[in-house]
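4 protein chains.
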Amino acid sequence: MKFSLGANRYGKAECRLVRVVRDGGRHEITDLNVSTSLSGDLEETHLTGDNSAVLPTDSQKNTVYAFAREFGVPSIEEFALRLGGHFVSSQEAVHTANVRMEQYGWNRLGDHSFSRAGDEVRTAGVTVTSDSAWVTGGLTGLTVMNTTDSEFHGFPRDAYTTLPETHDRILATAVDAKWRFSTLDVPWNAAYAMIREALISGFVETYSLSLQQTLFAMGSRVLEKVPEVAEVRLALPNKHHFPVDLSPFGMDNPNEIFLAADRPYGLIEGTVVRDDAPEEGLAWSS
Amino acid sequence: MKFSLGANRYGKAECRLVRVVRDGGRHEITDLNVSTSLSGDLEETHLTGDNSAVLPTDSQKNTVYAFAREFGVPSIEEFALRLGGHFVSSQEAVHTANVRMEQYGWNRLGDHSFSRAGDEVRTAGVTVTSDSAWVTGGLTGLTVMNTTDSEFHGFPRDAYTTLPETHDRILATAVDAKWRFSTLDVPWNAAYAMIREALISGFVETYSLSLQQTLFAMGSRVLEKVPEVAEVRLALPNKHHFPVDLSPFGMDNPNEIFLAADRPYGLIEGTVVRDDAPEEGLAWSS
Amino acid sequence: MKFSLGANRYGKAECRLVRVVRDGGRHEITDLNVSTSLSGDLEETHLTGDNSAVLPTDSQKNTVYAFAREFGVPSIEEFALRLGGHFVSSQEAVHTANVRMEQYGWNRLGDHSFSRAGDEVRTAGVTVTSDSAWVTGGLTGLTVMNTTDSEFHGFPRDAYTTLPETHDRILATAVDAKWRFSTLDVPWNAAYAMIREALISGFVETYSLSLQQTLFAMGSRVLEKVPEVAEVRLALPNKHHFPVDLSPFGMDNPNEIFLAADRPYGLIEGTVVRDDAPEEGLAWSS
Amino acid sequence: MKFSLGANRYGKAECRLVRVVRDGGRHEITDLNVSTSLSGDLEETHLTGDNSAVLPTDSQKNTVYAFAREFGVPSIEEFALRLGGHFVSSQEAVHTANVRMEQYGWNRLGDHSFSRAGDEVRTAGVTVTSDSAWVTGGLTGLTVMNTTDSEFHGFPRDAYTTLPETHDRILATAVDAKWRFSTLDVPWNAAYAMIREALISGFVETYSLSLQQTLFAMGSRVLEKVPEVAEVRLALPNKHHFPVDLSPFGMDNPNEIFLAADRPYGLIEGTVVRDDAPEEGLAWSS
Chain L
1 MKFSLGANRY GKAECRLVRV VRDGGRHEIT DLNVSTSLSG DLEETHLTGD
51 NSAVLPTDSQ KNTVYAFARE FGVPSIEEFA LRLGGHFVSS QEAVHTANVR
101 MEQYGWNRLG DHSFSRAGDE VRTAGVTVTS DSAWVTGGLT GLTVMNTTDS
151 EFHGFPRDAY TTLPETHDRI LATAVDAKWR FSTLDVPWNA AYAMIREALI
201 SGFVETYSLS LQQTLFAMGS RVLEKVPEVA EVRLALPNKH HFPVDLSPFG
251 MDNPNEIFLA ADRPYGLIEG TVVRDDAPEE GLAWSS
Chain E
1 MKFSLGANRY GKAECRLVRV VRDGGRHEIT DLNVSTSLSG DLEETHLTGD
51 NSAVLPTDSQ KNTVYAFARE FGVPSIEEFA LRLGGHFVSS QEAVHTANVR
101 MEQYGWNRLG DHSFSRAGDE VRTAGVTVTS DSAWVTGGLT GLTVMNTTDS
151 EFHGFPRDAY TTLPETHDRI LATAVDAKWR FSTLDVPWNA AYAMIREALI
201 SGFVETYSLS LQQTLFAMGS RVLEKVPEVA EVRLALPNKH HFPVDLSPFG
251 MDNPNEIFLA ADRPYGLIEG TVVRDDAPEE GLAWSS
Chain F
1 MKFSLGANRY GKAECRLVRV VRDGGRHEIT DLNVSTSLSG DLEETHLTGD
51 NSAVLPTDSQ KNTVYAFARE FGVPSIEEFA LRLGGHFVSS QEAVHTANVR
101 MEQYGWNRLG DHSFSRAGDE VRTAGVTVTS DSAWVTGGLT GLTVMNTTDS
151 EFHGFPRDAY TTLPETHDRI LATAVDAKWR FSTLDVPWNA AYAMIREALI
201 SGFVETYSLS LQQTLFAMGS RVLEKVPEVA EVRLALPNKH HFPVDLSPFG
251 MDNPNEIFLA ADRPYGLIEG TVVRDDAPEE GLAWSS
Chain W
1 MKFSLGANRY GKAECRLVRV VRDGGRHEIT DLNVSTSLSG DLEETHLTGD
51 NSAVLPTDSQ KNTVYAFARE FGVPSIEEFA LRLGGHFVSS QEAVHTANVR
101 MEQYGWNRLG DHSFSRAGDE VRTAGVTVTS DSAWVTGGLT GLTVMNTTDS
151 EFHGFPRDAY TTLPETHDRI LATAVDAKWR FSTLDVPWNA AYAMIREALI
201 SGFVETYSLS LQQTLFAMGS RVLEKVPEVA EVRLALPNKH HFPVDLSPFG
251 MDNPNEIFLA ADRPYGLIEG TVVRDDAPEE GLAWSS
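Residue numbers (my numbering), protein chains in the order written: chain L, 1 to 286; chain E, 1 to 286; chain F, 1 to 286; chain W, 1 to 286.
None of these hints come from the bench; they were simulated from the model.
Each residue gets a CB set at the ideal place from its N, CA and C atoms; glycine is no exception.
One or more of the hints may lead you astray.
Stated by the list, open to error - To be clear about the criterion: a stretch of chain F counts as covered by chain W if any three or more of its residues have a C-beta under 8 Å from a C-beta of chain W, and this derived list gives those stretches:
{"hint": "1", "stretch": "27-34"}
{"hint": "2", "stretch": "58-68"}
{"hint": "3", "stretch": "97-111"}
{"hint": "4", "stretch": "115-123"}
{"hint": "5", "stretch": "137-149"}
{"hint": "6", "stretch": "251-257"}
Unchecked claim - Computed list of lysine to any residue pairs in SDA-like fashion (alpha-carbon distance at most 25 Å, straight line):
{"hint": "7", "chain 1": "E", "residue 1": "K239", "chain 2": "W", "residue 2": "L259"}
{"hint": "8", "chain 1": "E", "residue 1": "K178", "chain 2": "E", "residue 2": "M194"}
{"hint": "9", "chain 1": "W", "residue 1": "K225", "chain 2": "W", "residue 2": "S208"}
{"hint": "10", "chain 1": "E", "residue 1": "K225", "chain 2": "L", "residue 2": "S115"}
{"hint": "11", "chain 1": "F", "residue 1": "K225", "chain 2": "F", "residue 2": "E256"}
{"hint": "12", "chain 1": "W", "residue 1": "K239", "chain 2": "F", "residue 2": "K239"}
{"hint": "13", "chain 1": "W", "residue 1": "K239", "chain 2": "F", "residue 2": "R22"}
{"hint": "14", "chain 1": "L", "residue 1": "K178", "chain 2": "W", "residue 2": "E14"}
{"hint": "15", "chain 1": "F", "residue 1": "K178", "chain 2": "F", "residue 2": "A117"}
{"hint": "16", "chain 1": "W", "residue 1": "K225", "chain 2": "F", "residue 2": "L109"}
{"hint": "17", "chain 1": "L", "residue 1": "K239", "chain 2": "E", "residue 2": "E14"}
{"hint": "18", "chain 1": "E", "residue 1": "K239", "chain 2": "L", "residue 2": "V21"}
{"hint": "19", "chain 1": "F", "residue 1": "K239", "chain 2": "W", "residue 2": "N107"}
{"hint": "20", "chain 1": "L", "residue 1": "K178", "chain 2": "E", "residue 2": "S115"}
{"hint": "21", "chain 1": "L", "residue 1": "K178", "chain 2": "L", "residue 2": "L259"}
{"hint": "22", "chain 1": "L", "residue 1": "K239", "chain 2": "L", "residue 2": "L259"}
{"hint": "23", "chain 1": "W", "residue 1": "K178", "chain 2": "W", "residue 2": "E224"}
{"hint": "24", "chain 1": "W", "residue 1": "K178", "chain 2": "F", "residue 2": "L109"}
{"hint": "25", "chain 1": "L", "residue 1": "K239", "chain 2": "E", "residue 2": "E102"}
{"hint": "26", "chain 1": "W", "residue 1": "K225", "chain 2": "W", "residue 2": "E279"}
{"hint": "27", "chain 1": "W", "residue 1": "K225", "chain 2": "F", "residue 2": "T140"}
{"hint": "28", "chain 1": "F", "residue 1": "K178", "chain 2": "E", "residue 2": "R9"}
{"hint": "29", "chain 1": "E", "residue 1": "K225", "chain 2": "E", "residue 2": "I200"}
{"hint": "30", "chain 1": "F", "residue 1": "K225", "chain 2": "F", "residue 2": "T140"}
Unchecked claim - From chain W, some residues computed to sit far from chain L (all C-beta separations above 10 Å):
{"hint": "31", "residue": "R108"}
{"hint": "32", "residue": "E120"}
{"hint": "33", "residue": "D131"}
{"hint": "34", "residue": "G141"}
{"hint": "35", "residue": "T148"}
{"hint": "36", "residue": "S182"}
{"hint": "37", "residue": "V204"}
{"hint": "38", "residue": "D252"}
Work out the full structure, taking the sequences as your base and the hints as a guide.
This is the structure in structure tokens:
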């Protein structure tokens, strides 16, 4: 044969699950989007259509809902670990399970009433094999803005550079963060709260000479605050706010009126990693 | 001629404007999406391409930014009225101006730091003619859920009805509300806050036998609380949460595990109107 | 009572239905998004939660699928008329039914293989009462561009006008068209094809001095070609393509390199109506 | 220091560029979305905010537009290679450049008139270092459907399996494909056309016992037809079409009426790789 099956996996994406826990009249809700993906001895279905190793994606979906009932969802990390462990241990052909989680926040309005907390999403990615497991966490959709304490200058100017230097600009971004845990012994929900707070305070409290500097400060702050995190990966779009030139209308614009642009946007991607971080293994494969 | 130009208008849609007010080190931000639309003696450009009556949409956009600098944005309703009034009074061909506003919320993180407050959007629609003006307000993207105190039964059953009756269900919706003011003498921002609160408390506090009943309660509460509102229009998608049948797996499901469905969805639309409401005039044309 | 229930309706939105007709080995597919909405004697459910007049939206959805099996889908207009007629005639409380249709196009790849034809969507809106019916058709998502034969000049210049005149520009828009039929005796599919062709040729063949002129030409062409159409409503975003200023890099730009902008955009809305068009009645209420 | 800067890069994302080439009255257009990303000696800006190595993303954007004017866009792969080469060779601090391209298709309506060809997007990802370069191509948004010749059975049944076996189902997917070239000596546009055709014919002509089997057939066909491709990566969502149970209404459903579901969906990911494929190097890093 001149070619072969390479890396492959399959699963059910985006199982939308809401769990309501009733403690007397006071309810708690968990709102999830769960995706599973399995890999292992799957060559036959690709080559011949023999599905004897292919646990249906429909069964994976059913497992998600049944496990939520049977075991609850103490945290998305724990729930994902349990799901992943189940697939690896119960299906001989499955050597690796990936589970991806999105959790949507809700604010309490009453004992059994809630309002969606916006675009911010807590995420997790879990990889489980027969003898190991890796957990990453994450956060997306957190849009933040500093209206001052941001500069950008001292950059090289080539033949295509027209950008003026600025000593006071708006800095805004939509945080897309992922972090890798070095252990499975983590108070997952408390850790998430601390990481989120570290990202926000890192953004707010950094006097910024570049979005890269802010990125490094945010990632560093997470590593300082949460010892179980080995590495933080950040992708920060620079959501440009351009001061509008009002001079044609006889007006100045003392950094008051801005056009919020859609595209293009700067995109700053970077990693802050603990010097003694363990090998990443399959952590990022989910 | 066998056919003619009917209703028409033109303008600039979606001018994204962020205004920063600096009171010493403490900043306030206003984040808007502004759309303008003008109508009047515009037949010539349609029939012959003679643009002598067509103030460019680019000029309309410039006006939005310049007016924000010159007059500020005390409320989206006032800002829209000022813009609309300007176009009608300064352009002879323009008889009617529509201005639509979206305002995005931000939470304070620090003196000059903020985070986006989510999908909820405050809206306004203003229509101005040479001798009159109308204002509507609105709110979209407020997603709310009651995990109990909702029933649905007693409905007719035809040949295509398979739905079981339910005496305890999740009720969730994304509130899309518009309201018409009967006067221009309104404390706009305070009124908005009261209307928003009335909509939420109407949803939370209504023991619901149908989403229609909830809708009417929400609209009624607005009219009770805010005398300047003549009419409330609500469009409430019924964001279905279906209890998952876990019996194939030997489990019960005491209203704990739900599948949050995307499509199709119920859509309930209704109006609550004050008995002595003034004529709507052009209020809804924006 | 100080306030009352005003206009209201309810239904099931976005029933996604694919129908496959097999004529031997050669298949035909119809891909629809169907929304129904009923109104009538619905006050009780709003005021007291008495649902005895509220045919469930779930039953409406079931009817959509069952009718597709029983009667087929000769055209979206006929299918909508049949659905609307059913609800009005079978439910005593229902006085008016609205049915909205979206149809997605597929290109043939083989006897039973197809590829989605893109963003273009054929739409219909039908309103049925006990003794009358109205049909509108429509089309959205058809994005077209002329790379020349478009000018824009001769417009008024106020204090906020900075736009230069142009004698050669790109004109691009995403056509959003709706039309009202004056009769129910229409060869629906053939009429749609002719209307679509008229809109496109009206765009392509008009030397344009303003997007308004193009709009009127497009609408007029429909009325010229399809006698059953009483009125055409068009909303045409001006998808701006700005020539990039390359002079800082020592280059000219002879209308070759453009930046395709997202927001803001011009928005031109207009109607062309036949002089002897019948009253619109409830045609636009769907 | 207890932690360090890891992998990082920065650039300008989503530069929307339309190029019009005029050959007399007959025009050709190229519609692109270009993203650049640079990496190298960028530690200082992260640690201290010293931007002396940070060519502004605004300059990168300007370069995109200027190069389109100076060198044209013979293919997205060539254009990306030229851009990447420029950044690496002209900026001492830049060791690696990534360029990502999206190209939107347009159908010809006339000599200088076009209509957007739908959701299908041609992509490319290029990585350039001082002494090497890698090119990947891709295609997204091609939605295809077979209305028969698809089965799914013979799968394992665990405690959570309720799915019935099927011997005739609809198979639909939205193709997301990427491929890696083993050489830079490729007739890029001709290769793209052949790869696209191979993917489509692989989908259409495969009698499918699983979407995995179809995936492998599609990837294999590409490798058979285009020798310059070393590897094909496919992500195929299983866009479920569920036959509607019409039996409650006294009807059968001989695979005629389907509900097109949104979420969840199966997701099949797989790679087909040539046995003598060269090392991937940085090919997938863009």
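Each hint, compared with the structure:
Counting residues of the stretch 27-34 of chain F whose C-beta lies closer than 8 Å to any C-beta of chain W gives 3; at least three are required, and the coverage claim holds. Here's how the stretch 58-68 of chain F fares: 4 of its residues keep a CB closer than 8 Å to some CB of chain W, so the rule of at least three is met and the hint holds. Proximity of the stretch 97-111 of chain F to chain W, defined as three or more residues with a beta carbon under 8 Å from a beta carbon of that chain, is established by the 3 residues found. Under the rule that three or more residues need a Cβ within less than 8 Å of chain W, the assignment of the stretch 115-123 of chain F holds, with 6 such residues.
Counting residues of the stretch 137-149 of chain F whose CB lies closer than 8 Å to any CB of chain W gives 8, which reaches the minimum of 3, so the coverage claim holds. For the stretch 251-257 of chain F, the stated coverage by chain W is satisfied: 5 residues place a CB nearer than 8 Å to a CB of that chain, which reaches the threshold of 3. For the proposed pair E/K239 and W/L259, the alpha carbon gap of about 18 Å is at most 25 Å, so the pair holds. For the hint linking E/K178 to E/M194, the alpha-carbon distance of about 14 Å falls within 25 Å, and the restraint holds.
Between W/K225 and W/S208 the alpha-carbon distance is near 21 Å, which keeps this suggested pair within the 25 Å criterion. For the suggested pair E/K225 and L/S115, the alpha carbons sit about 21 Å apart, so the restraint of at most 25 Å is met. Restraint check for F/K225 and F/E256: not satisfied, since their Cα atoms lie roughly 36 Å apart, outside the 25 Å limit. A threshold of 25 Å between alpha carbons decides the hint, and for W/K239 with F/K239 the separation of about 32 Å lies outside it, so the pair is violated.
Of the supplied pair hints, the one linking W/K239 and F/R22 holds, its CA atoms being roughly 21 Å apart against a limit of 25 Å. At most 25 Å may separate the alpha-carbon atoms for a hinted pair to count; L/K178 and W/E14 meet this at roughly 23 Å. For the hint linking F/K178 to F/A117, the alpha-carbon distance of about 20 Å falls within 25 Å, and the restraint holds. Proposed proximity of W/K225 and F/L109 is supported: the alpha carbons are some 19 Å apart, at most 25 Å.
With a C-alpha separation of about 17 Å, the suggested pairing of L/K239 with E/E14 holds against the 25 Å cut-off. Straight-line distance between C-alpha atoms of E/K239 and L/V21 comes to about 19 Å, which keeps the hinted pair within the 25 Å bound. Restraint check for F/K239 and W/N107: satisfied, since their Cα atoms lie roughly 17 Å apart, inside the 25 Å limit. Simply put, L/K178 and E/S115 have alpha-carbon atoms about 19 Å apart, close enough for the 25 Å limit, and the pair holds.
A distance of roughly 30 Å separates the Cα atoms of L/K178 and L/L259; the hinted pair therefore is violated under the 25 Å criterion. Between L/K239 and L/L259, the direct Cα distance comes to roughly 11 Å. Compliance with the 25 Å bound is thereby established for this hinted pair. The straight-line distance between the Cα atoms of W/K178 and W/E224 is roughly 16 Å, inside the 25 Å bound, and the hint therefore holds. A C-alpha spacing of about 22 Å is found between W/K178 and F/L109, which places the hinted pair at or below 25 Å, so the restraint holds.
Pair hint L/K239 plus E/E102 holds up; C-alpha atoms about 19 Å apart against a cutoff of 25 Å. The hinted pair formed by W/K225 and W/E279 meets the criterion: a straight-line CA distance of about 21 Å does not exceed 25 Å. The hinted pair formed by W/K225 and F/T140 fails the criterion: a straight-line CA distance of about 38 Å is larger than 25 Å. Only pairs whose Cα atoms come within 25 Å are accepted, and F/K178 paired with E/R9 is accepted, the gap being roughly 16 Å.
Distance restraint check for E/K225 and E/I200: the Cα-Cα separation of roughly 13 Å lies within the 25 Å cut-off, and the hinted pair is therefore satisfied. Restraint check for F/K225 and F/T140: the C-alpha separation of about 20 Å stays at or below 25 Å, so the hint holds. Under the 10 Å C-beta cut-off, the non-interface status given to W/R108 relative to chain L holds; the minimum distance is some 27 Å. Every beta carbon of chain L lies more than 10 Å from that of W/E120, the smallest distance being close to 20 Å; the non-interface claim holds.
For W/D131, the requirement that its beta carbon stay farther than 10 Å from each beta carbon of chain L is met, with the minimum near 22 Å. Consistency note on W/G141: stated as away from chain L, and its beta-carbon is indeed over 10 Å from all of that chain's, at 17 Å minimum. Distance to chain L confirms W/T148 as a non-interface residue, since its nearest Cβ pair spans about 15 Å, more than 10 Å. With a least beta-carbon separation of about 12 Å from chain L, W/S182 lies farther than 10 Å from that chain, consistent with its non-interface assignment.
With 10 Å as the threshold on Cβ separation, the claim that W/V204 sits away from chain L holds: the shortest Cβ distance comes to roughly 17 Å. With a least CB separation of 23 Å from chain L, W/D252 remains clear of the 10 Å interface cut-off, as annotated.
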